[in-house]
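Here the protein sequences come in this chain order: A and Z.
Residue 87 is where the first sequence starts when you use this note's numbering, and the numbers rise one by one after that.
Residue 8 is where the second sequence starts when you use this note's numbering, and the numbers rise one by one after that.
Hints were generated in silico from the structure; no laboratory data involved.
Incorrect hints may have been included.
Claimed, not checked - In silico lysine-lysine, DSS-like type, Cα no more than 25 Å apart, as pairs: (1) A:K283 <-> A:K173; (2) A:K182 <-> A:K364; (3) Z:K39 <-> A:K102; (4) A:K247 <-> A:K139; (5) A:K384 <-> A:K332; (6) A:K141 <-> Z:K39.
Note that the coordinates shown come from a computational prediction; the quantities given were computed from them, not determined experimentally.
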Amino acid sequence: MNNAHPGLPDFVEYVKPASLEEASKFLVAHAGESRPFLGATDCIVRMRDGIWKTKYLVDVKGLDGTNQITFDPAVGLTIGAAVPMNKVAAHPAVIKHYPLLAEACHWVASYQLRSRATIVGNICNASPAGDTIGASMLLEGVLRVFGPDGYRDEPLNGFFKGPGRTNLKPGDIAVSVSFPLPPQGNSGRYIKLGRNKLGDLAIVGVTAFGYPDSSAASGYRFRIALASVAPIPLRVPKAEELLASKPIDEAVLAEAAQLAYESCTPIDDVRGSARYRKQMVRNLTRNALVDIWSKIRKDA
Amino acid sequence: MSFHRITIRINGNLEQVDVPGNLTLLQMLRDKLGLTGTKNGCASGECGACTVILNGDAVNSCMVVAAECDGAEITTIEGLASSGDLDMVQKMILEEGGVQCGFCTPGILMSARALLNRNPHPTEFDIRDAISGNLCRCTGYNRIVTAISRAAEAESAAVK
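Excised from the complex, chain Z in its bound form (with noise of 0.2 Å):
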């Protein structure tokens, strides 16, 4: 098993790993990084409990190859609220009360985050879009989906 040196920017901090060629990105962050946030699901692509910002979009971390990871910037739901602060999607699934169990709510911030991102104004037809690989059994959607919304309108608010 040959090794492989990456550099990439994690919640802002360059790091270099050594990761062999089998590990995904998921098991990079949660066994070699230590950054439990990040849920392993089904780890198949299915259940979005392990998605993180990669370069900017939100991915499955289940289903990228941690060498391949050379040179990314990740974002992952320890990166949230680094400052201190809990993000604005993070303050309102709070106050719409759209977490149970919890399980599926990393996931669900960073989508979230993400769509938020590349669009500050979305429908509810994105923000379901945008949330559709993420599964949530005990919640329902409904305050999610109220949730990011109005995370979108708070931050446009204070965008103004």
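Isolated chain A, as found in the complex (with noise of 0.2 Å):
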């Protein structure tokens, strides 16, 4: 790498706005070289390399609403756009009510990195290997947008387009993502295999959310989302039909692993083959959610 002296191009330039609205309009009126600016540890090494040719860093934090984090047990947690990862893994509401979105956070690069990395930022770049996005999508994170046309929802569920694409448009600010109250009885795993055991962006991640639910055939439902097998942060419907339907014993779990498997669609990269990384896939959901339903079945 040529970065003698390290550091972002002469040509990029700080904005901080001082108003979701200034923001906005400043973005719409520099499509395609702006970009809202949060903890910056994607964006700092992507435009610094020449990958992104962004001009302006538009500083969104601390803008309505992005620096704070809430809950209510009768609504639900809303993490601002600008709290960082370490912040959120330390906030006794997520530590007793959202344990899988700590847990989420703290698989993320280093503790440095998280001092300034968010959750927000990292749904946003919309990276296939994002740590906390599946754990955000399995707990149900709606995604509130400031846009040209003011503030709308987004749910993650349909949220992401491709790798490092999503529905937000030029213009649009992510201000927070919010969860509603987790179900009763509920208990959620993320598994990251990384080449080594911290700081490695993940190989194969594995996000898994159980709960008991008297509507569903079995009792329980699952949710399962796969990170770095796919284009985009991948839902397993199938599985989780599967888990719901029909009732639950050891052979189910691994018969919806092998849903898992089959649903992915990695590539070989320098981390992993696409063989090694499927396989992959169907042991550590296999593994998930074994962990999971001896956590919450009921005649444990």
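Take the two lone chains and join them into the complex the hints point to.
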């Protein structure tokens, strides 16, 4: 890498708008050469290496609602776009009601990076490997977006269009992500396979979540999201339907893991081959489901 | 290129600095303020050699834009022993022999200081997590972990 003197290109400018309206107007006026700027842990590297040709970094930290994290037992959790992952993972309400989110944060890079990196940034960058995206999807996260036409909500299921591509348009600023209160008796797991124990991007990431539900034929519902094995963070509806309809035992959990294997379309890259990734999806999905099942089953 | 005038409290001293929008905090510290104790390693947020304490949190200064630091409080390695006495984590790293080439050491000390500020009684897991973003390629981590653990014990004993 040619970076004897590391830094951003000379043409990069820092912009600090006073309001969301001002920020949105600026982003529209400079569409294609500006981007909202949160923890910068992705954009500094990509801009320095010339992958992103962004000219204007529009700092939206501190704008309306982006710095708060709030919890209301009746409504749920709202995490401002600028709240760093370390603050999310240490928040008492997250630890108590959304431990899956804290676990996912913990697997991102290193402590220092998590002092800056944000969940909303992780979501908006839409990397198929994003560690906190699976948990955010399975916990039914909804992104609050301020755009040229005002506020709107973007449910995360359906938000991702491809690597780095989402429903966001020029002028859109993700302000926060909200999660309803999770169902009673739930349990979740994020299992990340990296080349080393901490810090690496996921070769495969499996997020799973389960809870008792008397409206399901099996008495339980599970949700599964896969990272790094498709162009977008992937849900596995076939496996989720199976686990809601068939009485749960180890064989059915293995069958669901096989459906996860069949649904993913990974690529070969420096971190692992497609074949290896598929097999690890099956193994890690089974491990996650077995672990969750041991925690939520009522006859245990 | 437009400049931004920012006011920061750096190692206890108020400073005004004019920074272009493309300058990282690491570049400002080293090239504008002459604080070269903060090291430039990977400049990608991977190695932790540039770790400083920004508003109480350990961060990679290569991953922070200087212009966004207006009003910030920053502590660098130069601020750890500004009174002339070494900080407890510095003393223990020396005693334990947790330094060989020393390039990673300022970053490790800043991660350790931030850890003990927020958690005076860390477990070994907490310590390893806090320095998970600090790569050391010669000393290995055992002596460093022991040194941070001893610093925590010594500081707790001093408080009692």
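How the hints compare with the structure:
Proximity of K283 of chain A to K173 of chain A is assessed by CA-CA distance (about 22 Å); at most 25 Å being required, the pair is judged to hold. Between the alpha carbons of K182 of chain A and K364 of chain A the distance comes to roughly 33 Å, so the proposed pair goes past 25 Å and is violated. A distance of roughly 22 Å separates the Cα atoms of K39 of chain Z and K102 of chain A; the hinted pair therefore holds under the 25 Å criterion. Under the criterion of a C-alpha separation no larger than 25 Å, the hint pairing K247 of chain A with K139 of chain A is consistent with the structure, at around 21 Å.
Using a Cα cut-off of 25 Å, the hinted pair K384 of chain A and K332 of chain A holds, with the two alpha carbons roughly 16 Å apart. Between K141 of chain A and K39 of chain Z, the direct Cα distance comes to roughly 23 Å. Compliance with the 25 Å bound is thereby established for this hinted pair.
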